[in-house]
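Protein chains: 2
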Amino acid sequence: MNDTPFPPQRQRRATIKEVAQAAGVSTMTVSRVINQRPDVSPETRQQVLAVIQQLGYQPNSLARSLIQRRSYTLGVVTAGLKYIGPSRTLNGITTQAEELGYNVLLDELPSFNTDPVQPILDTLLARQVDGILWAVPEIGSNRQWIFERLPDLPVPIIFLTTQPQEGLMVVSMDNTLGGYLASRHLVEQGCRAIGHVSGPLDWWEARQRKSGWQQALSEAGLPISETASVEGNWSSASGEKAFRQLVEQYPLMDAVFVANDQMALGALQVAHQAGIRVPQDLAMVGFDNLAEAPYFWPPLSTVQIDQQELGSTAVRALVQMIEASQLQNQPLPSQSILVKPELIVRASSLRTLRAIDNQ
Amino acid sequence: MNDTPFPPQRQRRATIKEVAQAAGVSTMTVSRVINQRPDVSPETRQQVLAVIQQLGYQPNSLARSLIQRRSYTLGVVTAGLKYIGPSRTLNGITTQAEELGYNVLLDELPSFNTDPVQPILDTLLARQVDGILWAVPEIGSNRQWIFERLPDLPVPIIFLTTQPQEGLMVVSMDNTLGGYLASRHLVEQGCRAIGHVSGPLDWWEARQRKSGWQQALSEAGLPISETASVEGNWSSASGEKAFRQLVEQYPLMDAVFVANDQMALGALQVAHQAGIRVPQDLAMVGFDNLAEAPYFWPPLSTVQIDQQELGSTAVRALVQMIEASQLQNQPLPSQSILVKPELIVRASSLRTLRAIDNQ
DNA sequence: CTGAAAGCGCTAACAC
DNA sequence: GTGTTAGCGCTTTCAG
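Here the protein sequences line up with chains A and B, keeping their order. All residue numbers for the first sequence refer to the numbering used here, where the first residue is 708 and numbers rise by one. All residue numbers for the second sequence refer to the numbering used here, where the first residue is 708 and numbers rise by one.
Be a bit skeptical, because a hint or two may be false.
[Claimed, not checked] The calculated label-pair distances, taken between Cβ atoms and stated as ranges, are:
| hint | chain 1 | residue 1 | chain 2 | residue 2 | range |
| --- | --- | --- | --- | --- | --- |
| 1 | A | E855 | B | Q728 | 23 to 29 angstroms |
| 2 | B | L908 | A | F854 | 52 to 58 angstroms |
| 3 | B | D822 | A | L756 | 20 to 26 angstroms |
| 4 | B | R744 | A | N742 | 37 to 43 angstroms |
| 5 | A | Q952 | B | T722 | 57 to 63 angstroms |
| 6 | B | Q825 | A | E855 | 40 to 46 angstroms |
| 7 | A | L756 | B | T751 | 49 to 55 angstroms |
| 8 | B | L762 | A | Q952 | 51 to 57 angstroms |
| 9 | A | N940 | B | W852 | 43 to 49 angstroms |
| 10 | A | N742 | B | G847 | 57 to 63 angstroms |
| 11 | B | L857 | A | Q952 | 44 to 50 angstroms |
| 12 | A | E873 | B | R744 | 43 to 49 angstroms |
| 13 | A | N940 | B | S848 | 42 to 48 angstroms |
| 14 | A | R719 | B | G928 | 55 to 61 angstroms |
Calculated from the structure, these hints are not laboratory results. Keep in mind that this is a model prediction, so the values were computed, not measured. Backbone N, C-alpha and C define an ideal beta-carbon position, used for all residues, glycine too.
With these hints in hand, go ahead and build the complete structure from the sequences.
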């Protein structure tokens, strides 16, 4: 027991009524002042502002939202925040939302595959969010609910990392392009037997990346054998296991496109242990451009995806939809946005033995 | 232009009044039903529930919070979500909040050092959050505002990653212990010249980790020279640079405690290039236990900190404070919680050449 | 330029 | 069990 009471005596929040009384005006006048309306005389305004200052008055957003039917709040649904990808996206979301004057009500699903989503949507809607940002990757059938629920949603909703489709507003990374860029680069390095460690194929993104790999091989006239790819689950452990299997079942392999950097790290470790020199014996390209990738050994070539940009783009689009729908105008047509990835070349894929780029 | 209008015609949200009319009862009865009060006849309840179902009625939380003076919302302030640490903590926060029936209003500071914080607090308070969770690490003077603002905060607040102090509710990791465990382990491995790559020393956590290192050396009777430590900024690039400098200014060094795994990764790369064998020539321990750490080369010994646990502990404590203060009871005394870290030993610090632990 | 009245959607407090 | 009245804190509408 200590004698300092904690928490300290709570201050009651002042109301607009109290401000009005203290300033000797009506609540309407105070309201005009806090809303920066022009139709208040300078003296009255000063007077009111002084009282507000003195009382530490802060308008109650709840009451405001209630009457204005506008909460300036975005409902953001995410999953897997313990991984760096989703959190980088969230970073872009919060930053952009803040800039546009919106608050973020965050909901993290317990798993990527959470079902049903009904209660989550309901909670968000009950809180009167102005729009919803669904930032959970498309996996298996976790988009099934959309066509059931979408028609009667009272607010705009936008989907991240989703197969673009009619009637849906989607912002996604062009994963196919990413897989293609990585694999074409390997072709250009003179590799002719290019394997693939894919992500879990119930993930839409994993399928896209794999299809980019297939495209690049086809284009180069290289055969795509069944044994040239193995499925992982994004983790380094799975990358280790998958790569080990790949080496075994595809002994001719002289390059590999690994669907994310974490799995590539696992693969690199197998290579070390097995005495496979990277890139001399085997060239490797990853995906994601983790902050750590330049410091892998050797530094890892990879595909850069700007997840923050993805998040902020989605927020901008959502806010546009919200504002359009508030104006009673014809709402925006559905329109998908595909963000382009970029190839980053480092030592792990350079067959021509040049000085290793450490940065 | 396509002819499917998007978004589809918005459904107006039904109100309690409409439900009441449709069910032929008063709004009060509907209110009783949705609040699961016992004093409604079974028939009436059924009747009302049917109408609710049919109309897809969802009570408006804003209106509810307004009258109940309770929003069941936690204001969470964070920073640096693009880094894995803060997002793992956030993961723990959202999960625990959900479980306890609270929503999360998220605010990410543009930088760790953002100042002033006044507007952020005001926004949260305007939205009538029931409590605030300040999940920004203590850096430089970014806690200065506390004693100015704390006394008149109308809701409980809890601080993460903060120097425990009288009058403040704090949940932190025991960083000193972590640094101590790492360094003592190196001593036990027979190392006698143990260097340190610290984090930026304006971070409280960095100072704590360094002081743990000092403690372990003192305890072992080893001298702590000025040249035995260099400051980094948490990034791999800074780790590379700092370690390079350390090797130069402290040539006798046979072990190093690096204040996080990312910097350790940079240091490992320098070691590779310089032909310093880890752990034979130099033992290394990191801090954080990144998911990637077991796949570094060699696998990195490190200090595990459970950041999710940190977040969920803070939420539990905050909700307790909220509930205590609602009961008009004597509020809880300030009381700090220190979460313990754990040493994880892998190949990078094992001088006795055993089989390398790849898992 | 300022204020009075009404009401956003809901529930506390009381009646019956 | 159920309804009535009042009001949470604010803004809309309209009057002056």
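Hint check:
1. A/E855 with B/Q728: 23 to 29 angstroms: Given range 23 to 29 angstroms: holds, Cβ gap about 28 angstroms.
2. B/L908 with A/F854: 52 to 58 angstroms: 55 angstroms Cβ-Cβ, so the 52 to 58 angstroms window holds.
3. B/D822 with A/L756: 20 to 26 angstroms: 24 angstroms Cβ-Cβ, so the 20 to 26 angstroms window holds.
4. B/R744 with A/N742: 37 to 43 angstroms: 38 angstroms, holds
5. A/Q952 with B/T722: 57 to 63 angstroms: 60 angstroms, holds
6. B/Q825 with A/E855: 40 to 46 angstroms: Because 45 angstroms falls inside the window, the suggested range holds.
7. A/L756 with B/T751: 49 to 55 angstroms: 51 angstroms, holds
8. B/L762 with A/Q952: 51 to 57 angstroms: Hint holds: Cβ distance 55 angstroms, inside 51 to 57 angstroms.
9. A/N940 with B/W852: 43 to 49 angstroms: 44 angstroms, holds
10. A/N742 with B/G847: 57 to 63 angstroms: 37 angstroms, violated
11. B/L857 with A/Q952: 44 to 50 angstroms: Check failed, 58 angstroms falls outside 44 to 50 angstroms.
12. A/E873 with B/R744: 43 to 49 angstroms: The hint (43 to 49 angstroms, Cβ to Cβ) holds, given that A/E873 and B/R744 are roughly 46 angstroms apart.
13. A/N940 with B/S848: 42 to 48 angstroms: Holds, since A/N940 and B/S848 (Cβ atoms, about 44 angstroms apart) stay within the stated range.
14. A/R719 with B/G928: 55 to 61 angstroms: Holds: the Cβ-Cβ distance is about 59 angstroms, inside 55 to 61 angstroms.
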